[in-house]
Every structure is written in structure tokens, then in C-alpha cells.
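S.K.: Keeping their order, the protein sequence lines are chains A, B, C and D.
With our numbering, the residue at position 105 of the first sequence is 105, and numbering never jumps.
With our numbering, the residue at position 12 of the second sequence is 12, and numbering never jumps.
With our numbering, the residue at position 48 of the third sequence is 48, and numbering never jumps.
With our numbering, the residue at position 18 of the fourth sequence is 18, and numbering never jumps.
Everything labelled a hint here was simulated from the structure, so no lab data went into it.
Just so you know, even glycine gets a beta-carbon here, dropped at the ideal spot from N, CA and C.
Fair warning: there could be bad hints in the mix.
Claimed, not checked - What follows is a set of in silico ranges between Cβ atoms, one per label pair, in the way DEER data are often shown:
| hint | chain 1 | residue 1 | chain 2 | residue 2 | range |
| --- | --- | --- | --- | --- | --- |
| 1 | D | ASP57 | B | GLY128 | 21 to 29 Å |
| 2 | B | ARG6 | A | ASP10 | 20 to 28 Å |
| 3 | B | ARG6 | A | ALA17 | 22 to 30 Å |
One-letter residues, chain by chain:
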Amino acid sequence: MFAITREPLDPQPLVDAVRKDESGAVALFYGVVRNHNMGRSVQYLEYDAYESMALKKLREVADEVCAKFPVNGIAALHRIGRLQIGETSLLVAVSSPHRKEAFEACHYAVDRIKETVPVWKKEVWEDGSEWIEGHVPEVPERES
Amino acid sequence: MFAITREPLDPQPLVDAVRKDESGAVALFYGVVRNHNMGRSVQYLEYDAYESMALKKLREVADEVCAKFPVNGIAALHRIGRLQIGETSLLVAVSSPHRKEAFEACHYAVDRIKETVPVWKKEVWEDGSEWIEGHVPEVPERES
Amino acid sequence: MPSINVRLFAGLHDLVGKRDVVLDLPDGATVEQLRDRLGEEYPIVQPFLTTLVCAVDEEYVPPEYVLHEGEDVALIPPISGG
Amino acid sequence: MPSINVRLFAGLHDLVGKRDVVLDLPDGATVEQLRDRLGEEYPIVQPFLTTLVCAVDEEYVPPEYVLHEGEDVALIPPISGG
């Protein structure tokens, strides 16, 4: 279950999708819009995305996590458009037989999503706004 | 928000309780009943608890987490009684400005709950059952 | 100390068949003596005695802890929550 | 290569004012040349050119990548999802 969507994110279907009968643990991460960043007061966020590629990259992160950790299931949703303080921008759910692997795999997935998925946030303050420049995605070493 | 309860656990109120406007991340952990352990097929689990002390120890774990990590909020519920495969026995939610601290604090909280909260699980198999012996709680060095 | 009420849980509860037992102990008795006394009254629990931790007023205490009348006493087998 | 359609996002979209631009490039042009061409047509984006990564058919490619007609090309500013 992967999506880039403008709708509010619902965690329950994600958890239901990843939990298997052999799962003893599910780690669920919420990225939420907070009211400040770098000392400035944020009014709301505006997310842009290269939607089709972002969805592809979300799935690739999931494949990478499944290859690296003993997980039973993984799912991720990223919301885009305008988000108010407290709203959820990202949900990542990972299930595993044991808690350690569930936590580590979920944390790794969130890190990789932030490094590879083409999504951008604009912070809107009372007196202006700015597109946040985060990670420059890694490119393959040589190709042509 | 802390409880030892016989009712099914609902994560949403927990997440709403821990999220603050300065939170950028919420980590939510589900302990779920899995269908096997140590190579044996589990039919269901039966949880017992020293309820009043378990609630007290849940709160102490939360205090310890808040002292150790920069969290905005923490909440935990433990279900007891009979639980079927796939049902949630434990929920722990932690919010923090940043994801790393949310993950680490939530993982630490779950570890400490398993080390200190007086709750017991009995595995019921097709041909028998057994109370699982996990952690011997630490006691203060000397006291009288 | 006339007698002390002890809470039992999980496997200990199953073995003894009761949620609480009342044990007679001498004045100044420790947790260690409490465990031994339980083993005398209920020999079936003897194999498990060394793994039991005592909680007094909902706080874990060491084996040398001296019990007092009126305290809320529980014997805690190895825990397995989560 | 007659002309190539380039997708723009976030700050780049705001600066150029369009979601897509069509650029004329010589045969065998690389991603690096594509970025330079964009800077010539839209001087306002020049300060940001070096931070742009190119995606071709939804895969990140290096600056020396040679573009081909019919590929789906996008310029990706530093990402900030999550």
C-alpha cells in the first residue's frame, strides 16, 4: 500500500495491510507539520511532488527495506498539497516478528524516503514563504 | 494517557494525546499477538497483570523516557485478558520535534516496559499452555 | 507481625490456586523468609522460588528487605508483558 | 534532437512560472547542457542550476548523461519531503 495523495492520511488501513499473523511488532511513523522550524513560526506547509516518480521511489525504498531487514510488510503514504499544523504528511508502517527490527526498518525507511522521494515542502510564514532545500538525491556513478 | 485494560486498544486517541504543535514526528509501536513462538504454533495468549502496579510502572517508564529524551509527549496502553492472533497487546506512542528522537524514545520505552511492568503472558497451544518467563525485574541494590 | 497477605500472579497463581495467600511470619522477617514460607506451605512452588521478586507497596524490593505489617506485598514471577 | 520537454517542480516551478518548459538542444546533449540551456532561457534560475538533479524516465541520472528524444525529463531541486 503506497500512495502520493492530497487526501488526509488514515493510518489504520496501513497497519492492517502490513500486519501478518507472524508479526509480533508494528512500528508506525507519523511525519506531522510542526509550528516552527529554524526558529521561525510556520503558518502552514505546501507540498509539491513529482507524483508518478515519487510513488515509484516510495516502492523502491520499500523493496530496499525488505531486502535489508527481516520485515513481514511495509507500507507508506505521503500527503501533498496544503497541510495545516498538526496534520500528517507522511505515514510509514513496518511489521516484523520482533520489535527491534520493526523500529530499525521503519526508521531506515523514513530516512531513505527523505533522501530519494521527489517531494518538496514550502514553509509559509506570516511574512513570507520558502521552498525548503533538503537532500540532493544521489545519482548513479556513471551512466549514459 | 496510560492504562491497563481488558478492552481492545485504540491507537488514535493515543496519537492525538501525544502530538503537540511543536511535534514533527510521532512514533507508534504496536505489540501484536503472533501465531508462533520458539517454533511452536500459538492459538491465543492470556495476559495477567498486577494491574495497579503495572499502571504505576508504565507511568514511571514514561517519566524516565521524558527525562532521557527530548520528547513532547508519551502515552502507553497494555491490554490484558485473552488476546487472539493479530490483536494488539501493547501500544506506545511518543512525539518529538524530530524523527530520530521519536524512534529512539519509543523503542526505549517498549524495552523498559518489558523489563519493569508486572504483566505476564501465557501461550496457549493446541496441546498445552505455558506462562512465559521473561525478565526478572531489577530491584534496588539495598533497602530495608 | 501476625500475618501477611501476599498477592500471586500468573504461573504462581495457577500453582497455588489462589490470587492471595495469608502467611504467618515472625517479626522482622525478610522477603527471603517470606518466599521460604510460601514454599513450605505450597511445596509445588519450590522450583520457582528463586525467580520470584517481591514488590512492597508496588515497588520492587531486594530479598533482604524487612517486611512490616500493613504493607501491600506481592510476589512477582519473571515478567513477560508487551 | 528537435526539442525536449522538461518538468519543473517546487521553487523551480515558481521561478519559471510553468510546470513544463520545452528546450531546443543539439543532438547528443547532456544533462549539464540541458541545465545551462534552462539558465539561458530563464536567467532567474541560474543561482540554483548546480543544485538540480535530472531525472530521466523517473530515474536519477548524472550530469554527463546523454539525453535522447522521447525520454521523460525532469529537473529535481533538493528534495524536502517527509
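S.K.: Does each hint hold? Answer for all of them.
M.R.: Results of checking the hints against the structure:
1. The supplied range of 21 to 29 Å is broken by ASP57(D) and GLY128(B), whose beta-carbon atoms lie about 58 Å from each other.
2. At about 27 Å, the beta-carbon gap between ARG6(B) and ASP10(A) stays in the expected band of 20 to 28 Å.
3. At roughly 27 Å, the beta carbons of ARG6(B) and ALA17(A) sit within the given window of 22 to 30 Å.
Against the hints set out earlier in the document, a violation occurs for number 1 only.
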